[in-house]
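> Sequence:
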Amino acid sequence: MTSSALRVLVAPDCFGDSLTAVEAATAIARGWGSARPSDQLVSAPQSDGGPGFVDVLASRLGGLRTAEVSGPLSDDVTAQWVFDEASGTAYVECAQACGLALLGGPPTVDTALAAHSRGVGQLVDAAITAGATRIVVGLGGSGCTDGGRGLVDALGGLSTARDRVAGIELIAATDVEHPLLGPMGAAAVFGPQKGADPDTVAVLERRLADWATELNAIAGRDVAVEAGAGAAGGLGAALLALGARRASGAAVIADFTGLADDVAAADLVITGEGRFDDQSLHGKVVSALTGMADPARTEVLVLAGQVTLTAEELAAAGVGAARSITDFAGSVERAIDDAANQLEGLARATAAERDATGGE
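Everything in the sequence shown is counted per UniProt numbering, starting at 1 for the first residue and increasing by one.
Source of the hints: derived by calculation from the structure; they are not laboratory data.
There's no promise every hint is true.
[As the list claims (entries may be wrong)] Using C-beta positions, here's what the derived DEER-type ranges look like:
| id | residue 1 | residue 2 | range |
| --- | --- | --- | --- |
| 1 | 308 | 193 | 16 to 24 Å |
| 2 | 282 | 40 | 29 to 37 Å |
| 3 | 267 | 337 | 43 to 51 Å |
| 4 | 312 | 264 | 40 to 48 Å |
| 5 | 356 | 109 | 48 to 56 Å |
| 6 | 225 | 193 | 16 to 24 Å |
| 7 | 68 | 277 | 32 to 40 Å |
| 8 | 160 | 192 | 45 to 53 Å |
| 9 | 222 | 282 | 44 to 52 Å |
| 10 | 42 | 199 | 45 to 53 Å |
| 11 | 129 | 86 | 40 to 48 Å |
Positions of the beta carbon are idealized from the N, C-alpha and C atoms, including for glycine.
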């Protein structure tokens, strides 16, 4: 049995460190298209503000630029950012300058204490120098927990930094809602992922608390308790103190790439990410897509590295089906090491199954 041709929107997030969103979209489109060549495929890779943020925007907007900036451990790195001259908007990704992947190896106690965000400030400086009237900073995947002190220092200190961004619309793009301090703060929640043991978490917490006093004073309010202040090791707090507003990273990408129009024109939306779990349903790419697809009852299919949600949870979230690369590949190791081929194979198998059953 052969089903009719579909308009398919392919809009995945990145798959951890295994695949960028652009690479994932390419793999899905290749696999799906080989099994259903009559379908019309539109590729629209997405991001929630973390690693791949700039990659996704460059694929849609162009305007890719590079800058030599300080990495998280002070060695220079080549970072990419996007400047859309037509709108005067610059897009900066913190992971390009202080990402975990730039530590040179697995995070340790030493790197947890030493890593900083100075390079992110240098990227913001480049955007200011280029004449940006809006600067969107994607937060996520950072290897530091310095509260954005490095960013502020790179811009000349708190007072100078606030003066330099005055008149510029500054946006902290993140789906993290954690505050800066406390048991749900940057050090306690994300520090262990960056190599911090319990004693190191306590040291980082004290540093952040001292820094928060300065941030709150310059801002004239308690920015440390605001949602998103703990994003990217506390970079969110520094940006808020400089006058930024917080926006959903997934929504920022969706707005500036015209995702709603793409969803409205689709018969089927295929998305995905490294791990599809409960967090995926709150402010992430998948939740943004299901929200857009729901009014027209457009089906949403998720292809993910791992899937932990039940069928009931999927239905409640507006997801028609979710398939796991790990299950398809037979092991987590193969799913990670051969991610592109396995994702392509999963997409091909899922498309062939739909074709065989006459699904539309």
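> All hints are to be evaluated individually against the structure, with a verdict given for each.
These are the hints, each one checked on the structure:
no.: 1; hint: 308 with 193: 16 to 24 Å; result: holds, 18 Å
no.: 2; hint: 282 with 40: 29 to 37 Å; result: holds, 31 Å
no.: 3; hint: 267 with 337: 43 to 51 Å; result: violated, 34 Å
no.: 4; hint: 312 with 264: 40 to 48 Å; result: violated, 28 Å
no.: 5; hint: 356 with 109: 48 to 56 Å; result: holds, 53 Å
no.: 6; hint: 225 with 193: 16 to 24 Å; result: holds, 22 Å
no.: 7; hint: 68 with 277: 32 to 40 Å; result: holds, 37 Å
no.: 8; hint: 160 with 192: 45 to 53 Å; result: violated, 34 Å
no.: 9; hint: 222 with 282: 44 to 52 Å; result: violated, 24 Å
no.: 10; hint: 42 with 199: 45 to 53 Å; result: holds, 50 Å
no.: 11; hint: 129 with 86: 40 to 48 Å; result: violated, 18 Å
Checked against the numbered hints listed earlier, the structure breaks hints 3, 4, 8, 9 and 11; every other hint is satisfied.
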